[in-house]
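> Residue numbers (my numbering), protein chains in the order written: chain G, 4 to 402; chain R, 4 to 402.
The hints are simulated quantities; they were obtained by calculation from the structure and are not laboratory data.
None of the values given here were measured: they were computed from a predicted structure.
Certain hints may be false.
Pairs involving identical chains hold if they fit within one copy or between any two copies, as the list cannot separate such chains.
[Said to hold, decoys possible] Heads up, simulated BS3-like pairs for lysine-lysine below, C-alpha to C-alpha not over 25 Å straight-line:
1. Lys297 - Lys83
2. Lys270 - Lys32
3. Lys189 - Lys83
4. Lys10 - Lys328
5. Lys277 - Lys127
6. Lys189 - Lys127
7. Lys127 - Lys103
8. Lys103 - Lys328
9. Lys270 - Lys103
10. Lys86 - Lys307
11. Lys277 - Lys189
12. Lys167 - Lys86
13. Lys83 - Lys298
This is what each chain is made of:
Protein chains: 2
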Amino acid sequence: MAKFLGKIEFPCTIELGRGLEGAITNLTKIGYVDGQAGALFYRGYSIEDLCEHGTYEEVAYLLIFGELPTAAQLTDFQGKLRKAGELPEPLVPLIQAKPKDAHPMNVLQSAVAALACCDPDSDKVTQHVSDPAAALPIETEVAIRVLARTRTVAAAIARARQGKPLLQPRSDLDFTGNYLYMMNGKPPDDVTRRVMDVCLILQADHGMNSSTFTAMVVHSSLSDLYSTIAAAIGSLRGPLHGGANEAALADIQSIGGPQNVKPWLEKRLIEGQKIIGFGHRVYKAYDPRAKILKKHAEVLCREKGFDSLYQTAAAVEDQVGAAMKAAGRQIYPNVDFYSGLVYHALGFPTPLFPVIFAVARTAGWLARVLEYLPENRIFRPRAVYTGPTDRTYVPIDQR
Amino acid sequence: MAKFLGKIEFPCTIELGRGLEGAITNLTKIGYVDGQAGALFYRGYSIEDLCEHGTYEEVAYLLIFGELPTAAQLTDFQGKLRKAGELPEPLVPLIQAKPKDAHPMNVLQSAVAALACCDPDSDKVTQHVSDPAAALPIETEVAIRVLARTRTVAAAIARARQGKPLLQPRSDLDFTGNYLYMMNGKPPDDVTRRVMDVCLILQADHGMNSSTFTAMVVHSSLSDLYSTIAAAIGSLRGPLHGGANEAALADIQSIGGPQNVKPWLEKRLIEGQKIIGFGHRVYKAYDPRAKILKKHAEVLCREKGFDSLYQTAAAVEDQVGAAMKAAGRQIYPNVDFYSGLVYHALGFPTPLFPVIFAVARTAGWLARVLEYLPENRIFRPRAVYTGPTDRTYVPIDQR
Chain G
4 MAKFLGKIEF PCTIELGRGL EGAITNLTKI GYVDGQAGAL FYRGYSIEDL CEHGTYEEVA
64 YLLIFGELPT AAQLTDFQGK LRKAGELPEP LVPLIQAKPK DAHPMNVLQS AVAALACCDP
124 DSDKVTQHVS DPAAALPIET EVAIRVLART RTVAAAIARA RQGKPLLQPR SDLDFTGNYL
184 YMMNGKPPDD VTRRVMDVCL ILQADHGMNS STFTAMVVHS SLSDLYSTIA AAIGSLRGPL
244 HGGANEAALA DIQSIGGPQN VKPWLEKRLI EGQKIIGFGH RVYKAYDPRA KILKKHAEVL
304 CREKGFDSLY QTAAAVEDQV GAAMKAAGRQ IYPNVDFYSG LVYHALGFPT PLFPVIFAVA
364 RTAGWLARVL EYLPENRIFR PRAVYTGPTD RTYVPIDQR
Chain R
4 MAKFLGKIEF PCTIELGRGL EGAITNLTKI GYVDGQAGAL FYRGYSIEDL CEHGTYEEVA
64 YLLIFGELPT AAQLTDFQGK LRKAGELPEP LVPLIQAKPK DAHPMNVLQS AVAALACCDP
124 DSDKVTQHVS DPAAALPIET EVAIRVLART RTVAAAIARA RQGKPLLQPR SDLDFTGNYL
184 YMMNGKPPDD VTRRVMDVCL ILQADHGMNS STFTAMVVHS SLSDLYSTIA AAIGSLRGPL
244 HGGANEAALA DIQSIGGPQN VKPWLEKRLI EGQKIIGFGH RVYKAYDPRA KILKKHAEVL
304 CREKGFDSLY QTAAAVEDQV GAAMKAAGRQ IYPNVDFYSG LVYHALGFPT PLFPVIFAVA
364 RTAGWLARVL EYLPENRIFR PRAVYTGPTD RTYVPIDQR
């Protein structure tokens, strides 16, 4: 992939595979996945650097605006997130009325779509109107609201599942602190807040994946940002996209301890079954997100009483790696392998895993659709028709 | 385009433009747009033939199953649509709580996403599970429910906007009859039902447009069909896609009568303004849908007291055509030019136009995602990164 880095002009000749493999949507300065090297960059900063030093708020700002904020810019951004982050009154019954066993991603999609009805400016985005007197283009103002409110409704959905009253954000907490507070009813401890912040940073953007692509396609008809993010949530809901960490966790839990990994793995290999959470369509080296998460998972699991589960996961990684090496192959865990473990240790029920993913990824979705807006062209590939064109209607009694 | 007809294998070499122009999503037997000839086929039947002889129910069946139904198959399909078409109880407050000035497409997206929570089988689609003992694969059963329920919530949204109580479908009416009944509170007269049926047939499918493509992308992560259709609705909501007939109608209304067309057009041409409702990215000949609609618009407008409006539109078509011919070009009205007029004469407020479009297109969206399912590969094109990869985090007080 790197061979295309920065060198392309439309129209261009490409080799196209199934699933639009090889097709190019646009040029971007937002994020870069180097699959060969196992590296991920947001706006030119390595993911390791951002996870080590940054916060999710800074990273969301970076993705949307292109630069890390100054102290004044960050204060302004935080103020907007806080103000916009209140749960609109009409959303309360909508979220509370959903059956408790409803998939939270369906509820999230429905709620985010409904948020459009509570924002008088939502439609202005569709007309790409900016007020020259305003500090920010209106579409960017709306994007900040979408980011804050998607987080708030995600937290409300988690609360409603527990049958507890919905909460509003607190003015003394940041984006991540408020997300945890509104889910759990109490502000997070430092370890929890920090690990959650890292998780959100790690999932904030990842190239032209299927949900990001969905957002790009939907917004390219100049649809509003709420419709756009709701559509992307619909994509992320699919088990091939946002559901793998649930399955990886279920596997690790089913093993029952590090001592059982050997027979479990032997059985899997004999039966030719896939080991969930290993390998990646893009990363040929170690997934950099998995490396960061593994470190946090170790500390967190020790702290929260899930040490045996972490040791089981680590043993799976070691023994899968060794078995593959013996077969002349290299294989590494991907982000899903450790993120499910981390979310479990943080106390989240598995159906909420993709919801957290959606909250994090909203920053990347928004950044990418806003970047495409000034050069917008509606996405319209084509299907190749292979059927007949010469059939004639036959009355129903003669069929 | 026709040169690719039936002759392609992946991987293939293509010329790619912006907006994925030239990219090929898949091979299909569902529909074919022949832009050069101005022809549209569903499953090999011409749109003229289907509009002349068929009903929307038959056409929806044809798109999804590939063949026109026998009498027994149609009876079974109608029974399923009727049974599934009841408005689920939890949707009533969701639809009634929305502000009256909310864009009905946002409400529709939210409501369709919420429908997933009322269907215990919605998730089975995501696992592509079929019961061998069942007459139909479960995903097709769910698709029929999605089709019927999207129609029902669309009607409920129209009712709620008028502040009237929501209605359930009647067992003596078909799909289109019930749609009109649930919107208007009384069964339609024959002319209305017939014209509406033709409108729904005409908008049921149209190649790989942006909303259909959205549905394909979302479902390719094996997301459920409600999430998928909700996402497509988000795309159709964009003014570049589902909004053009509103604008075309507003133009025709603003002229004030056929006698005013000449000065209106002269002013437009002098100012170099676009004439909305003319020309099409795919059709280089007369849009076959516009031709059919024009005929119905003439009869309907005469019947319903909008004859002057129809005469104005017809005069715009004639004079725009003559002006372009004088300039050595050929230009024709597209489907949007006459569909807004027809919907207006049928008594629908303009914000509902894209909702009707969505109800019709749901058949095409479903047919195309179900066709892709057995050969599913997640859509994952890529963006080309043109930014730096060597930036280093700077503490906030040093920025």
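> A separate judgement is required for each hint: does it hold in the structure or not?
To see whether the hints hold, each was checked on the structure:
no.	hint	verdict
1	Lys297 - Lys83	neither (33 Å within a copy, 50 Å between copies)
2	Lys270 - Lys32	neither (45 Å within a copy, 43 Å between copies)
3	Lys189 - Lys83	within (22 Å within a copy, 48 Å between copies)
4	Lys10 - Lys328	neither (36 Å within a copy, 42 Å between copies)
5	Lys277 - Lys127	between (47 Å within a copy, 21 Å between copies)
6	Lys189 - Lys127	neither (37 Å within a copy, 36 Å between copies)
7	Lys127 - Lys103	between (35 Å within a copy, 18 Å between copies)
8	Lys103 - Lys328	neither (45 Å within a copy, 63 Å between copies)
9	Lys270 - Lys103	neither (37 Å within a copy, 60 Å between copies)
10	Lys86 - Lys307	neither (33 Å within a copy, 50 Å between copies)
11	Lys277 - Lys189	neither (40 Å within a copy, 57 Å between copies)
12	Lys167 - Lys86	within (23 Å within a copy, 35 Å between copies)
13	Lys83 - Lys298	neither (33 Å within a copy, 53 Å between copies)
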